[in-house]
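J.: In case you want the letters, here they are:
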Amino acid sequence: MTNTVGEIAGAGAILLTGSNPTENHPVIGYRIRQAVRRGAKLIVAEPRRIPLVNIADVHLQFKPGTDVALFNALVHVIIKEGLEDKEYIKNRTQGFEYLKEIVEKYTPEYVSVITGVPAEDIIKAARLFAGAESGSIIYCMGVTQHTSGTENVVALTNLSLLTGNLGVPHAGMNPLRGQNNVQGACDMGCLPNVLTGYQPVYGDRETDTYWRRLKLEKGEAVAPPPEEIDTSVILADTIEFETPVYKGMSVSGEIRAKFSRAWGVELSDAPGRTIAEMFHDNPTRRNRVMYIMGENPVISDPHADHVRECLEEMDFVVVQDIFLTETAKYADVVLPAASFAEKDGTFINTERRVQRIRRAVKPRGDSKPDWEILQLLAQRFNLNWNYSSSEEVWDEVRKLTPHYFRGMSYERLEKGGLQWPCPAEDHPGTPIMHKGKFARGIGQFATVEYRPWAADTVDEDYPFILTTGRKLYQYHTRTMTGKTDGLNYFLNEELMEISPRDAQALELTAGDMVKVTSRRGSIETKIQITDRVPPGVVCMSFHFGESAVNVLTDPAVCNMSVVSGLKVSAVRIEKA
Amino acid sequence: MGEITFSIDGLKIKANEGDTILMAALEHGIYIPHLCYHPDLKPFGGCRLCMIEIEGRGLTISCKTPVEEGVRVTTENPEINKARRIAAELIIANHYSECLQCARNTDCRLQDIATYIGIEEGRLQRLKRTVRDLPIDDSNPFFYRDPNKCVLCGICVRTCEEINGVGAIDFAFRGFATKISTLKDKPITESTCESCGECVDRCPTAALARKGSERPAREVKTICPYCGTGCGIYLGVRGDRVLSARGDRRNPVNDGQLCAKGRFAYDFVNHPDRLTTPLIKRNGTFVEASWDEALDLVAAEFKEGQEKYGPEALGGLSSARATNEDNYLFQKLLRSLGTNSVDHCARL
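Residue numbers (this note's numbering), protein chains in the order written: chain A, 1 to 576; chain B, 1001 to 1348.
Simulated from the structure, these hints should not be mistaken for laboratory data. The C-beta atom is built at its ideal place from N, Cα and C for all residues, glycine as well. Careful, some of the hints might be misleading.
Simulated crosslink set (EDC-like; lysine to aspartate or glutamate; CA at most 20 angstroms straight-line) [claimed, not checked]:
id	chain 1	residue 1	chain 2	residue 2
1	A	K86	A	E133
2	A	K399	A	D426
3	B	K1281	A	E326
4	A	K471	B	D1240
5	A	K483	B	D1267
6	A	K329	B	D1273
7	B	K1221	A	E391
8	B	K1211	A	D426
9	A	K415	B	E1219
10	B	K1281	A	D485
11	A	K362	B	D1273
12	B	K1221	A	D269
13	A	K362	B	D1240
14	B	K1281	A	E84
15	A	K80	A	E309
16	B	K1221	A	D344
17	A	K124	A	E97
18	B	K1303	A	D315
19	A	K329	B	E1301
20	B	K1082	B	E1190
21	A	K471	B	D1267
22	A	K100	A	E81
23	A	K258	A	D269
24	A	K329	B	E1293
25	A	K329	A	E546
Beyond 10 angstroms from chain A on every Cβ pair, some chain B residues (computed) [stated by the list, open to error]:
id	residue
26	G1002
27	K1012
28	I1117
29	R1246
30	T1276
31	K1303
32	E1304
33	N1340
Generate the whole structure from the sequences, applying the supplied hints.
T.: What follows is the structure, given as structure tokens:
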């Protein structure tokens, strides 16, 4: 998030898209309802009729996968009606004229045909958003889990820039992160191409993914990135180096040198694999040895049957977790880890706030905190690791990531969380990003075109669009929530949402079992007949191993982010 | 916001413009009895217990009267005491009085008021009306709703509306029959209630009380392990069991508010299925192993794989559930072993 959770309640207008916060981020859901009580305009752009639609000023119920067209249409209307923030555009951005050209054809009428949203609703939404004192865009995986995920985000960012909503209070671009420390795992460099604080370990371009390179090498067509941005220039301004780095030098080379010195090892510049590539279709390109810590890909990753096969075929798999998960069953060795209540450390939340967690009880049995297990393993490779506390680990992160974390000692964090960047002990942290100036200097409008991009298209054999979501009373693969009887009381089995019209056409009644088949596999699930989904669309959660929706989902990825398009799969439904 | 100076019982008090007299008094450590006031909610003025007198103006309720420059406030005199006593006794007279058996014993706002006014048994008996014996709604797995212990302060109704925003409950019926009800007086689980427990947290009595009344022996300040919002919590602990959680009111992310999972879903910590020892798969089944056996095997297999296929044969999936420190060391280990193949479910 560019802004804080607390600011949401004071927003003038909220554009909520690809997110169902009252179920998945309930406390943020409260903030949105509080904002509406105070007079905020709420625009929900969402294929499903999520609970917040009940209090929305307008619901843009678009066809899954047509996000870019819809957002470009909002931009079109704002420009056509002269509602853009002209002063802001002049002072802080570039590329406006080109954007204007590109969105010219996205008239509400044209986009209405693509998205199924009435033209007048598009116009109403554009006016509400542009007319508000401050406009906050809140989104989640419903925007990113598409083969056009990056383009969706770019189109949304244009809307935010156009209305002068980046770098100001109660506004901004606010992706809601789904897990307690998914932000931290990214910030800590658990991504192939970057170390802590997004310092590139190889490749100096943001869009330089292994996936894209692979395709280019094979001569396959890949979508051009929305705007080629040479991040090395930006990074050279923001990252602090021990020796000066000039334009033209390899930033990643300097970064590798810095970390190699600090760690006492030589770092590789060979591109690493993303999740999608670890379970690659071609066995020769997969990993042979896997270390899986606190993750359950057998249930949570797309095309689950394929993931299982890959794990079975690997030479060696080690899983480190707090329970014997579905994935752990495929392991050769299982290592017992301590839970969040049994260790010290820090999490980073969706608004970049680093917060302390504290050991409340002792680890169960012989289990150990993950970092201790990692250290014991490192010592078996003669790596010179001698951390005696999580604080010592954190201090190393601070030292190697001064532009983000230098100012965040445990001592300071004891008093309360701090939001990165926080580069000095007397720095107050950064509640609102891009204030006055963007991290990259001048704000860039990056144009994107809509294309019917979903790899998995609906046809006669697979006539329904299957989308995925989560439910209030469960969480992810239920490793944790499945152990609370009270939550299971509310929801202990999958209930696929299907519209009354489709249910009638298929002669289904509530609670019936159906067989759902995609181009990858087939599962059985109970149904729930509800107008939360429009005709032609069905929705399942990925909570239940017995009705594992990811057997069906499409592993095709967004070319730039290598995120799978989990939100759109074509399926067929039959009475079981 | 300007600063206002006025007096309470002759003491000079400074308060912010817009504050109420009750807020200013509580801020300065002066207790004025109250039941329906809650700092998170808009003032309601229903219980009439926070009666005060403003010199020259007469009796008024302090929870709805804003502070004004120079006014002189009295919190206790015969007239106030009489009005307050009657209001309090009417509430207490029909309230369940088996305090020792109550989940909220010693943590009850009604007990505070009873203590403040001083109970006279005889007077209470005269005030007692027909005993109410309404059914308890225990449909929700996390909390009870006992209308017999309800004082109709409306805090739950306002919490559901102003904090959560779902508005699942409201006052229903009239006069003596008044109670807090869901739509059509159905069990709470058949309403729009989201089981967030915000009302349970704010109920001044045990009309709304958690199931499982064990109180923790100590509390540990930490962060909720579920979604990315990062709400501050206090885990309630007894021995090595995690019993409960409550919101951290000083955390700016959630201001003490939580959802059903963040408040009630910690059974996994103490669950018997937790992994407690390393396991090695031998002939298709897992057998318990020591740390040395397990880690030696992992290290040997990693080395073998890398020798056979090159360093990039090794790949790792890290965890969006683990700490920064865990994640940092995870990628440090993999990269130190020569591979950049480290990723996690942020890419999902």
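J.: Each hint needs a verdict: does it hold in this structure or not?
T.: Hints versus structure:
no.: 1; hint: A/K86 / A/E133; verdict: holds, 14 angstroms
no.: 2; hint: A/K399 / A/D426; verdict: holds, 16 angstroms
no.: 3; hint: B/K1281 / A/E326; verdict: holds, 15 angstroms
no.: 4; hint: A/K471 / B/D1240; verdict: violated, 31 angstroms
no.: 5; hint: A/K483 / B/D1267; verdict: holds, 6 angstroms
no.: 6; hint: A/K329 / B/D1273; verdict: holds, 14 angstroms
no.: 7; hint: B/K1221 / A/E391; verdict: holds, 17 angstroms
no.: 8; hint: B/K1211 / A/D426; verdict: violated, 46 angstroms
no.: 9; hint: A/K415 / B/E1219; verdict: holds, 17 angstroms
no.: 10; hint: B/K1281 / A/D485; verdict: violated, 31 angstroms
no.: 11; hint: A/K362 / B/D1273; verdict: holds, 16 angstroms
no.: 12; hint: B/K1221 / A/D269; verdict: violated, 41 angstroms
no.: 13; hint: A/K362 / B/D1240; verdict: holds, 7 angstroms
no.: 14; hint: B/K1281 / A/E84; verdict: violated, 62 angstroms
no.: 15; hint: A/K80 / A/E309; verdict: violated, 53 angstroms
no.: 16; hint: B/K1221 / A/D344; verdict: holds, 11 angstroms
no.: 17; hint: A/K124 / A/E97; verdict: violated, 24 angstroms
no.: 18; hint: B/K1303 / A/D315; verdict: holds, 12 angstroms
no.: 19; hint: A/K329 / B/E1301; verdict: holds, 18 angstroms
no.: 20; hint: B/K1082 / B/E1190; verdict: violated, 43 angstroms
no.: 21; hint: A/K471 / B/D1267; verdict: holds, 19 angstroms
no.: 22; hint: A/K100 / A/E81; verdict: holds, 12 angstroms
no.: 23; hint: A/K258 / A/D269; verdict: holds, 13 angstroms
no.: 24; hint: A/K329 / B/E1293; verdict: holds, 19 angstroms
no.: 25; hint: A/K329 / A/E546; verdict: holds, 15 angstroms
no.: 26; hint: G1002; verdict: holds, 22 angstroms
no.: 27; hint: K1012; verdict: holds, 32 angstroms
no.: 28; hint: I1117; verdict: holds, 36 angstroms
no.: 29; hint: R1246; verdict: holds, 13 angstroms
no.: 30; hint: T1276; verdict: violated, 2 angstroms
no.: 31; hint: K1303; verdict: violated, 8 angstroms
no.: 32; hint: E1304; verdict: violated, 8 angstroms
no.: 33; hint: N1340; verdict: violated, 3 angstroms
Hint compliance for this structure: hints 4, 8, 10, 12, 14, 15, 17, 20, 30, 31, 32 and 33 are broken, all remaining hints hold.
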